[in-house]
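Student: Heads up: the sequence lines are chains A and B, in that order.
Each residue of the first sequence is one higher than the last, beginning at 0 in numbering that gives the first Met the number 0.
Each residue of the second sequence is one higher than the last, beginning at 0 in numbering that gives the first Met the number 0.
Some hints here could point you the wrong way.
In silico DSSO-like links for lysine-lysine, alpha-carbon gap of 30 angstroms or less [stated by the list, open to error]:
#1 B:K222 <-> A:K132
#2 B:K347 <-> A:K306
#3 B:K132 <-> A:K222
#4 A:K132 <-> B:K399
#5 B:K306 <-> A:K347
What follows is a set of in silico ranges between Cβ atoms, one per label pair, in the way DEER data are often shown [said to hold, decoys possible]:
#6 B:P136 <-> A:E168: 49 to 59 angstroms
#7 A:G350 <-> B:G305: 20 to 30 angstroms
#8 B:V117 <-> A:T85: 26 to 36 angstroms
#9 B:E288 <-> A:A426: 20 to 30 angstroms
#10 A:R54 <-> B:V77: 19 to 29 angstroms
The set of hints was computed from the structure by calculation and includes no laboratory data.
Glycine included, C-beta positions come from ideal geometry on N, C-alpha and C.
There are 2 protein chains.
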Amino acid sequence: MAGGKATVHLRQAYGDRRRVNDPPTTTRMTAHLMTIGDEILIGQIVDTNSAWMSRQLNLSGIAVMGKSSVGDLRQAIVAGIEHAATTAQIVIMTGGLGPTKDDITKSTLVEMFEGKLVFHQEVYDRIAAYFQKINRPVSTEMLRSQAMLPDKAIVLPNKVGTASGMWFERDGQVFISLPGVPFEMEYLMTHEVLPRLKARFVSRPIAHRTLQTACEGETVIAKRIEAFEDHLPDHIKLAYLPSLGLVRLRLSGNWPGEVTPDAESRLAAELETKKAELYALIPDLVFGEAEQSLQEVVGNLLRQQGKQFGTAESCTGGYVAHLITLVPGSSDYFPGSIVSYSYEMKSKLLGVKPSTLETFGAVSEEAVCEMAEGARVTLGVDVSLAISGIAGPGGGTPEKPVGTVWMAVSDGQRTQVARHIFGRDRAKNIQLTGVYALNMVRKFLLDQK
Amino acid sequence: MAGGKATVHLRQAYGDRRRVNDPPTTTRMTAHLMTIGDEILIGQIVDTNSAWMSRQLNLSGIAVMGKSSVGDLRQAIVAGIEHAATTAQIVIMTGGLGPTKDDITKSTLVEMFEGKLVFHQEVYDRIAAYFQKINRPVSTEMLRSQAMLPDKAIVLPNKVGTASGMWFERDGQVFISLPGVPFEMEYLMTHEVLPRLKARFVSRPIAHRTLQTACEGETVIAKRIEAFEDHLPDHIKLAYLPSLGLVRLRLSGNWPGEVTPDAESRLAAELETKKAELYALIPDLVFGEAEQSLQEVVGNLLRQQGKQFGTAESCTGGYVAHLITLVPGSSDYFPGSIVSYSYEMKSKLLGVKPSTLETFGAVSEEAVCEMAEGARVTLGVDVSLAISGIAGPGGGTPEKPVGTVWMAVSDGQRTQVARHIFGRDRAKNIQLTGVYALNMVRKFLLDQK
Chain A
0 MAGGKATVHL
10 RQAYGDRRRV
20 NDPPTTTRMT
30 AHLMTIGDEI
40 LIGQIVDTNS
50 AWMSRQLNLS
60 GIAVMGKSSV
70 GDLRQAIVAG
80 IEHAATTAQI
90 VIMTGGLGPT
100 KDDITKSTLV
110 EMFEGKLVFH
120 QEVYDRIAAY
130 FQKINRPVST
140 EMLRSQAMLP
150 DKAIVLPNKV
160 GTASGMWFER
170 DGQVFISLPG
180 VPFEMEYLMT
190 HEVLPRLKAR
200 FVSRPIAHRT
210 LQTACEGETV
220 IAKRIEAFED
230 HLPDHIKLAY
240 LPSLGLVRLR
250 LSGNWPGEVT
260 PDAESRLAAE
270 LETKKAELYA
280 LIPDLVFGEA
290 EQSLQEVVGN
300 LLRQQGKQFG
310 TAESCTGGYV
320 AHLITLVPGS
330 SDYFPGSIVS
340 YSYEMKSKLL
350 GVKPSTLETF
360 GAVSEEAVCE
370 MAEGARVTLG
380 VDVSLAISGI
390 AGPGGGTPEK
400 PVGTVWMAVS
410 DGQRTQVARH
420 IFGRDRAKNI
430 QLTGVYALNM
440 VRKFLLDQK
Chain B
0 MAGGKATVHL
10 RQAYGDRRRV
20 NDPPTTTRMT
30 AHLMTIGDEI
40 LIGQIVDTNS
50 AWMSRQLNLS
60 GIAVMGKSSV
70 GDLRQAIVAG
80 IEHAATTAQI
90 VIMTGGLGPT
100 KDDITKSTLV
110 EMFEGKLVFH
120 QEVYDRIAAY
130 FQKINRPVST
140 EMLRSQAMLP
150 DKAIVLPNKV
160 GTASGMWFER
170 DGQVFISLPG
180 VPFEMEYLMT
190 HEVLPRLKAR
200 FVSRPIAHRT
210 LQTACEGETV
220 IAKRIEAFED
230 HLPDHIKLAY
240 LPSLGLVRLR
250 LSGNWPGEVT
260 PDAESRLAAE
270 LETKKAELYA
280 LIPDLVFGEA
290 EQSLQEVVGN
300 LLRQQGKQFG
310 TAESCTGGYV
320 AHLITLVPGS
330 SDYFPGSIVS
340 YSYEMKSKLL
350 GVKPSTLETF
360 GAVSEEAVCE
370 MAEGARVTLG
380 VDVSLAISGI
390 AGPGGGTPEK
400 PVGTVWMAVS
410 DGQRTQVARH
420 IFGRDRAKNI
430 QLTGVYALNM
440 VRKFLLDQK
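Chain A on its own, in the form it takes in the complex (with noise of 0.2 angstroms):
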């Protein structure tokens, strides 16, 4: 497992992109997403609300063709709905509600679709018992405000905030105005936007299987899996979705045929059985299915196996203990970890000999064992991890560049030790070293090498 150069975890980080197997195609349903705001505009937030909408709107089975963003201007929405209307069938627009914003997309859009505002009792005695419920005082204007809809939308109640859903429709298009809070616009598109898009224009099934790959880029896997990849059936898609030192790989199946009773349970079955064909190729690389993450699946394990685990860390300086602790529950099997960044604390509390120490430097394979059996002791622990290296940007040497990192699972009989060589930025040698680590613990308590 050692080697691993600087330049190959920079591709992985921002990923490769060589094949983007998913690209919006003609033949499905197609979306535009705009957002309203001078917030984005100014860079002021970053945009995550459309990744998760055109992950959302994929996994239906509905394309996005482009996205957009307008200031908090009349006539530049009003330019913006008229050309994302030129791209897609369906324009979902976030952002620009509320009494904060006065409104400025509401009028906008009764203005273009030639209705008028008309009062919604029952919005009006949500948004008071929603006010009442988080406890917070809320005047008779800003209620009747919000209560004030277009009468040519059908409204989307949204019992998370203040700010409805609109829904309106032109010469078979749809036109769709959300909140821009992130969990207003999560909560009305699962639980309003995507059942009633779904039940309008997609009528074949679609599923989806996601393995979860760690510690490989993108080329050597597409490379491994090049001839399952090039026989694929044409309705069966695989996407590379890449992060730090992980790659998702994601099926999506569109039912091909006629949409038979029983087509859902054969399209299943089908991508079960690609699922387990592609997993069978690189079972050494794949740690988890679906939205899984590394730390949950070592948690699994600990659970199940009955092993109390714990660590030691120098210069991750606690990152891995905390993503352990992400983990609702991780209690019961973490007791705790020690950030030992100093020699002295590495001694003190980790027993390491001082004499190791001045030998092999802290960055060694000698002082990481020595860590990770301390770990154990000292933490009573039936597991344990250490981890000592450069993460930069100080602190190298020739022998030991920036981005050294040794690391350490022991469980008292049987120790695995590994060095890896990451890159030269500080922030994210830690991040990759925390992936490292965890898929090594997983491999250690499944007794892979």
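Following the hints, position chain B against chain A.
Tutor: Quick look at chain B alone, frame taken from chain A:
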């Protein structure tokens, strides 16, 4: 400092965006940002490039009027560019370059601007040297393809990658194409695009000053500085830039009068005065300037005061130690940390009395004070921070709801303790605790209440 309801913090998290005082105005030069590539449309990656570009353009006095994304399709790219050109004077494209994309953007631009591809020896040589430097093989074919560039474009040399930037002009409008890899885009923006745009389009001095605040929401801050904000001259704008638990306040000045030789220094002086006035209104909230992080500020104070610092963490599971050690050189003042997730570790490693845990529970003033004292002794540090809380989603009780967090800072003489009640989201609770705890350490070191 105790208190703070979940809803307040959720609003802080997303920002209430009541005031966005930095809207694009038509008196400034205008830009449109366009991303090219399917990976954005399928939600494979979040578009962080355009938020960064927006901030840089705004800082340079160029207003972003709109953004858009299109897929790797010739007709979509052409339609996107033509639409973008109706919204702004400058169109900046990212992505869709490089041999793995079949150079779709480049060939589309050649067509649009009615030119042809010509060979650039200097580009060929630079890319060949680049591959040699990073020690990776490269084919002559690939080098040649990357060195073929449109004759109608000014080539913007990319010294950190293979795809050159391109600058086209048509009827007084500028069209710029950049690679989509973040650090390549940032390199080209910083070294080529922004200097050229400023020289070409921005004739008036512009300056910015930023103050960073922690642990207070926009609404409260806005109220405290209302009079200041209302009396700002027209040529100075204030923007609120919120993130979880933090709000940056950015003052931006555009020189209003005739451009005299001393205009730049006079604008700078004026902004310094305004920054000082702003600071004087909220000295208790401001922790730093510009892009400083809370952990950097705390680290600087520790270094100045020659103090060693360590943490004892329960619900944050090492997250604060991780933040502290994200700062290069933190080993100067940070020997380590104890993550005591279990009762046993709290007693064994930190000397918390079992009777304290039995009587008051681990999430209590008594336990967290003993943890702070124990950390100081065990880690041998001058100042320690201890944290114990219920991150959720499980484990809450009516008296100690999910989101309850106790924190203590101690130097042996003096111990400060605080309780906060955050929200229901585990990951957000951990992050907010990190902000509040580091700010508490900062104030402790400054001897502020």
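Student: Confirm or reject each hint.
Tutor: Do the hints match the structure? See the list:
no.	hint	verdict
1	B:K222 <-> A:K132	holds (25 angstroms)
2	B:K347 <-> A:K306	holds (20 angstroms)
3	B:K132 <-> A:K222	holds (26 angstroms)
4	A:K132 <-> B:K399	holds (20 angstroms)
5	B:K306 <-> A:K347	holds (20 angstroms)
6	B:P136 <-> A:E168: 49 to 59 angstroms	holds (56 angstroms)
7	A:G350 <-> B:G305: 20 to 30 angstroms	holds (29 angstroms)
8	B:V117 <-> A:T85: 26 to 36 angstroms	holds (34 angstroms)
9	B:E288 <-> A:A426: 20 to 30 angstroms	holds (21 angstroms)
10	A:R54 <-> B:V77: 19 to 29 angstroms	holds (27 angstroms)
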